[in-house]
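Add chain X to chain D, keeping to what the hints say.
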Amino acid sequence: MSKSIAQLQVGESAIIKSITDSSMARSMMTMGILPNKNVRLVRKAPFGDSLYLEFDTHMIALRGSEAAKILIW
Amino acid sequence: MGSNVALVGNPNSGKSSVFNALTGLKQTTGNFPGVTVDKKVGSFKDSKGKSISITDLPGLYSLYPTSKDEKIVVEILSNPSNDLFPELVVYVADSLQLERHLLLANQIVDLGIPLIFVANMNDLAQQEGIQLNIEKLEKSFGFPIVSVSARSGNNIDVLKNQIENTLSTLTPQKSTFKLSDTDRSVAQSTKKALQKEDLTDFQALLVAHHADWLPWLSDSERETLQTQRKDQDFNPLTSQVDETMKRFEFINSKLSQFVTKKFQAGKSLTQKIDNIVTNRLLGPIIFFAIMFLVFQALYSWASYPTEWIENFFSWGSEKVTNIFGEHWYTSLISDGIIPGIGGVMVFVPQIFLLFLMITVLEEIGYMSRAVFMFDRILKVFGLNGRSIVSLISGGACAIPAIMSTRTISNWKERLNTILVTPLISCSARIPVYIVLIGFIVPDEKVMGIFNMQGVAFMGLYLLSIIAALVSAYVFKLILKSKEPSYLLIELPIYKKPLLKNIFITLKDKVWTFIWEAGKIIFIISIILWVIASYGPKDAMNQATAQANKMAQEQRLDDDAKDNLEAALKLEASYAGHLGKFIEPAIKPLGFDWKIGIALITSFAAREVFVGTMATIYSVGSESEMSVRKQLASQVNPQTGKKVYTRAVALSLIVFYLFAMQCMSTLAITKRETKSWKWPIIQFVYMSALAYFCSLLVYQLMS
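The listed protein sequences correspond, in order, to chains D and X. According to my numbering, the first sequence is numbered sequentially starting from 1. According to my numbering, the second sequence is numbered sequentially starting from 1001.
Bound-form chain D, shown alone (with noise of 0.2 Å):
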């Protein structure tokens, strides 16, 4: 079992594998979420769940079921 973004601790960086879900998996990559891409875990929401993530260039926030589709090396 491959370790998904929702895995990450705070501040862990990872790069991108693949994503599981292909209808999240177009959504995502529209926005720039990409295999091969870095990707790091700023921060968690204050009442937990959604996740503040830092990709190259720009930052996306993402929901805790969203990130474990994002699986990472």
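Source of the hints: derived by calculation from the structure; they are not laboratory data. No experiment lies behind these values; they were computed from the predicted model shown. Accuracy of the hints is not assured; some may be wrong.
[As the list claims (entries may be wrong)] Listed next, the stretches of chain D that the computed footprint assigns to chain X, with coverage defined by at least 3 CB atoms under 8 Å from CB atoms of chain X:
1) 41-54
2) 57-65
[Said to hold, decoys possible] Chain D is nowhere near these chain X residues, computed Cβ spacing over 10 Å in every case:
3) Gln1126
4) Gln1162
5) Thr1169
6) Lys1196
7) Arg1229
8) Gln1271
9) Thr1278
10) Thr1321
11) Asn1451
12) Val1455
13) Pro1536
14) Glu1583
15) Gly1611
16) Ala1632
[To be verified] Not the full set, but computed from the structure, chain X residues with beta-carbon under 10 Å of chain D:
17) Tyr1061
18) Lys1262
19) Asn1275
20) Ser1485
For every residue, glycine included, the Cβ atom is placed at its ideal position computed from N, Cα and C.
Below, chain X alone, put in the same frame as chain D:
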């Protein structure tokens, strides 16, 4: 007719800034045919003085859209017969994030539409030391590139010239990207099925992808395409994902050669600000502090212009009566039409101020942080983080608030937000609260600083928020949906707010209120004037006679006599009869027929309550304080006790807090949901909530 130029780009690309810089204030906002998505059209004059018109299309990330706004763009660009199909696309991209923003540009090129690529925010790119080899990039991607800064206005004239030049030598855009074999064969068979051989491969492929919802396809065409998809074993989703990946590979291979240095989001000032602003502890505190300040400012600043507007309209009414004398048409103008318009205009200062704050917060980039912070909580109640913008806007007026739900792509979450937003206490409820709050809490200070009534006010807002969330939770359990729900939102880098952008957005929102709410408030005001001024003839004559008699007995002066006559006439009017008719139903809530009249007239807008009460009790002045004083002095002639007890006032406040007494909101709900079902549900559930809560409050307290 000018030329058909469309402005396209990703969200946060600075597209509206470019649009504003190009067209200035020469813009009109309308709707796309058949849907309620805002369409902005503007124009500028070219070097020969010819007007070039530009349509601003909603922002989107790719031609594979999720929300209603985004689908519009695909609907237009996939159909060359569409009236809005552009001759030229001006594509706006963020110079700091070219890779991501090139995806959609690359797709549009494949539609064969000539395209000018605007590399916006070139000043920021320069600061970061990012350099583009424009010549080489133009060659690789096959379109002209203009590097501009919409904020400072840098190179906007160059862009204008480029638009003019391209329009004079329009040639179909050549594709630089190769579709996969499967995609191409699907495109071919789609063209055959539709008998549209002039479509480009990618245009045909898009139609095949979106055959399920594209509104311009006929039912038989839709069916043919769907069958064909099955026969060819074509999976749109996988094809879209593969295509997106390949496009990015293509884009990257070019970018890595011709762009020096990449922007590093991690080192930006934005993240330093976010360390504080979205901090676990500080984040929510800062959010609520901002909201507190916003609403505080609202009350202290808006009250002056509101008063001027009120005075202006009552002065106007008086003038009309003085000039034209007492006729039915004078009364129609001075008691119906002028107060009708005034009733809309008094809200403008508050709505203006609240939307000013919201627009500034949006323009800076703060709102998406609020969405990020509160998504978790709102999700529990069946809403989306994005609902926070609508809920806050609901504090001004539910109408623009409901319209702002269009960014929520999940239908269930959007509908839920629409249904509960009118529960948030809007500006029309404030005058009612001001009159009634004095009966509940004394005007005293606690601990020397907090005004008790101010605290009670806050309590009412809190209560309205709780009611909205609880109702949303109930709807979450009832409404069914299989659609996936997303947060997935970009957190753009913080930007200094641009005055021009704020002004234009603000103008649109305030105008939406004046027009959408205004027309209905206006019509209802006139209907209410009719039922409040006319009644069965005998009863009306009797009212006048009785007023004369009582005035003589009590030796009243002319003003007092007029006020008394107005009160007795209102009782005798159709509105008075209606009030008495509903009295049995509202008696358990502690309301008499006089309050009944006010409840009925409140359907135009809630604040009409104050004016109606002023007339019923012949106050002569419509200021909240004099109405409050008059209510406090009312004694029930049979029991000798005060009419407006704490129980009655509280029951009435609770009723106004929850009841759906706004026709304009119902009309907007109908428009946004495209069905009568939802406004009816909204009306029924809010009225029921109001009735039972008032009943409970009154019965417990008396």
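Tested hints:
1. Closer than 8 Å: that is the beta-carbon criterion, and the segment 41-54 of chain D has 11 residues meeting it against chain X, so the requirement of 3 holds.
2. Counting residues of the segment 57-65 of chain D whose beta-carbon sits less than 8 Å from any beta-carbon of chain X gives 7, enough to reach three: the coverage restraint holds.
3. Every CB of chain D lies more than 10 Å from the CB of Gln1126 (chain X), the least distance being 16 Å, so the non-interface label holds.
4. Chain D leaves Gln1162 (chain X) outside its interface by the beta-carbon criterion, the shortest separation being 26 Å against a cut-off of 10 Å.
5. For Thr1169 (chain X), the condition that its CB be more than 10 Å from all CB atoms of chain D holds, with the nearest at approximately 32 Å.
6. The non-interface label for Lys1196 (chain X) is consistent with chain D: the shortest C-beta to C-beta separation is roughly 26 Å, beyond 10 Å.
7. At roughly 16 Å from the closest C-beta of chain D, the C-beta of Arg1229 (chain X) stays outside 10 Å, upholding its exclusion from the interface.
8. Not every C-beta of chain D lies more than 10 Å from that of Gln1271 (chain X), the closest at about 7 Å, which undercuts listing it as non-interface.
9. For Thr1278 (chain X), the requirement that its beta carbon stay farther than 10 Å from each beta carbon of chain D is not met, with the minimum near 6 Å.
10. Against the 10 Å criterion, Thr1321 (chain X) stays outside the reach of chain D, whose nearest CB is about 58 Å from its own CB.
11. The beta carbon of Asn1451 (chain X) is kept farther than 10 Å from every beta carbon of chain D, the shortest such distance being approximately 30 Å.
12. Separation of Val1455 (chain X) from chain D is adequate, the least Cβ-Cβ distance of about 26 Å exceeding the 10 Å criterion.
13. The claim that Pro1536 (chain X) is not at the interface with chain D holds, since no C-beta of that chain comes within 10 Å of its own (minimum 60 Å).
14. The Cβ of Glu1583 (chain X) lies farther than 10 Å from every Cβ of chain D, with a closest approach of about 47 Å, so its non-interface assignment holds.
15. The Cβ of Gly1611 (chain X) lies farther than 10 Å from every Cβ of chain D, with a closest approach of about 43 Å, so its non-interface assignment holds.
16. The beta carbon of Ala1632 (chain X) sits about 44 Å from the closest Cβ of chain D, which is more than 10 Å, so the claim that it is off the interface holds.
17. Residue-level restraint check for Tyr1061 (chain X) holds (minimum Cβ-Cβ distance to chain D is 4 Å; threshold 10 Å).
18. The criterion of a C-beta within 10 Å of any C-beta in chain D is met by Lys1262 (chain X), whose closest approach is roughly 6 Å, and the hint holds.
19. Evaluation of the Asn1275 (chain X) hint against chain D yields a held restraint, the C-beta minimum of about 8 Å falling below 10 Å.
20. Nearest Cβ of chain D to the Cβ of Ser1485 (chain X): about 8 Å, under the 10 Å cut. The hint holds.
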